[in-house]
Amino acid sequence: MTGNRKWNNGETNNQNKKAKIVCTENLAHEYSRRDENGNIIEIVRAIDGVDIEVEQGDFIAILGANGSGKSTFAKHLNGLLYPTEGAVYIDGIDTTQKEKLLTVRRTAGMVFQNPDNQIISNVVEEDVGFGPENLGVPTMEIRKRVLDCLKSVRMQSYRKRSPNHLSGGQKQRVAIAGIMAMRPKCIILDEATAMLDPVGRLEIMDTIRSLNQEEKLTIILITHYMEEVTKADYVYVMQEGKVALKGTPREVFACTEKLTECRLTIPKITQLAQELNRAGLPVPGDVLSEEELLACLKI
Amino acid sequence: MIRDITIGQYYSTDSLIHHLDPRVKIAGTFLYIISLFTFHSLSGYLFAIAFFCGVAALSQVPFSYLARGLRPVIFMLVFTAALNLFWTPGESFFSWGIIELTWEGVEKTVFISLRLILLVLGSSLMTFTTTPNQLTDGLERLLSPLKAIRLPIHEIAMMMSIALRFIPILIEETDKIMKAQAARGADFETGNLIQRIKNMLPIFIPLFVSAIRRAGELALAMDARCYHGGKGRTKMYPLQYRLTDLLAYAVCFFYVGILIIFVP
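If you're matching them up, the sequences are chains W and Z in order. First residue of the first sequence? That's 1 in our numbering, and the numbers climb one at a time after it. First residue of the second sequence? That's 1001 in our numbering, and the numbers climb one at a time after it.
FYI, nobody ran anything at the bench for these hints, they're computed from the structure. Accuracy of the hints is not assured; some may be wrong.
Claimed, not checked - One side of the interface only, derived from the structure: several residues of chain Z facing chain W at Cβ under 10 Å:
#, residue
1, PRO1168
2, MET1222
3, CYS1226
4, MET1236
Heads up, the beta-carbon is just placed ideally off N, CA and C, and yes, glycines get one too.
Isolated chain W (complex conformation) (with noise of 0.2 Å):
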């Protein structure tokens, strides 16, 4: 991107964040707690400040621990919750704009935590066209979309099958078809696997990747499964509402006292060759994989 960005005055400035593909400034949210006479005994700030900026086409993660807001910011960029104070700009639209909620909802997709509580029919075809059906779209159009984009997942051998008959990772890539089939730019996956056995979790890892590299589609990924995000380009961490770390997992990586602090534990490997390098051998502390590892012990 243009690195004159930040010599420009702030107008412009402002016009460029608009024009990501997500972009939340200063967000906030706050929501109250009511004893039983509904009187107001506290208020939870659940996020805080929170500045994200999403290039068109990126793979970002973000980590949190239970409780750290992850998933009511990924609300906000959905149109399912609405900032107390900052913006929230999807493609350039302020989500707070009612009259376009729909084309927000279009445009970033979300898929949920629980499989079975995000399908709406009893045939797997007809549960991917509801997005486009609720779009209006015409029929001939539906049916194209919706082989398509099973074909995306790989599930078309299950189109008219029923979705009790299908096991939990099938079952998410059932939904990340629905949500394809809504033709969306981006798609927030919210703790998408966290209900998954490691097999499922594997197959939805798999699908998103090859939607981020085939259909150049943006990810934004919820998780505290430290392993899923060795694959993203950027990481957010979050704690207690705000953005505690960020940058490529690698650098997130080696902050391993911080994220330690934020209730997180760095993969299996990294810890491993941090234990390596430790102890004195010619390992890097920022592994990433089992291959990196293994190549930095052969020399």
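Use these hints to put chain Z onto chain W, whose structure you have.
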């Protein structure tokens, strides 16, 4: 497996009747049920039976399956038959103690039982040949004129299809909760009726909580997929009449016409 349960009694084959538009089947069944009350002669019954047998043969649903549809109404059948048999006044041909049989009673019993049987068989033939989803779709389209008087037809149909999707999931969940409670020493087998109902409470409360939580998540997921009611919605598989559907309508009306005009 509990997930394999089928709702309703759909019998899956590839027959002409199965491929008919659900609206034809719903309207046809309705017409057939009404037609059963338009005659009171033997020829009428024979004609109605012949029509049913013709459709049943076309549907390729085995007769043993169709007969199963009668099971829930056996008690009612026996009860009405007995009432008619013993309490119809007329020319007596057999009497033993207080029991008195009349020719009129026998005739009435046979006809009323036939009418009931045809009624049940006719409507179960529809559920045997139409999936619950198709039924919901068909009902939504047939009832859509009622939207004019502000009845939420689309919403009701959406609720029905969501209910159909979640029944197996909730059944499985009930099973899980029952096992979890049994593992904590809950007892569902002993005690009198009231005791047992009380013992079910630890199943129902978690089940309701989870159902409500699921509903909330589902609503979010539907929002995220741009659901905003029935307005401006298109269908992936819209119901469309084909030639066979129109022919089927013609056959139904032909049948009712003959019954009304020629059969006393």
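Hint check:
{"no.": "1", "hint": "PRO1168", "verdict": "5 Å, holds"}
{"no.": "2", "hint": "MET1222", "verdict": "6 Å, holds"}
{"no.": "3", "hint": "CYS1226", "verdict": "4 Å, holds"}
{"no.": "4", "hint": "MET1236", "verdict": "4 Å, holds"}
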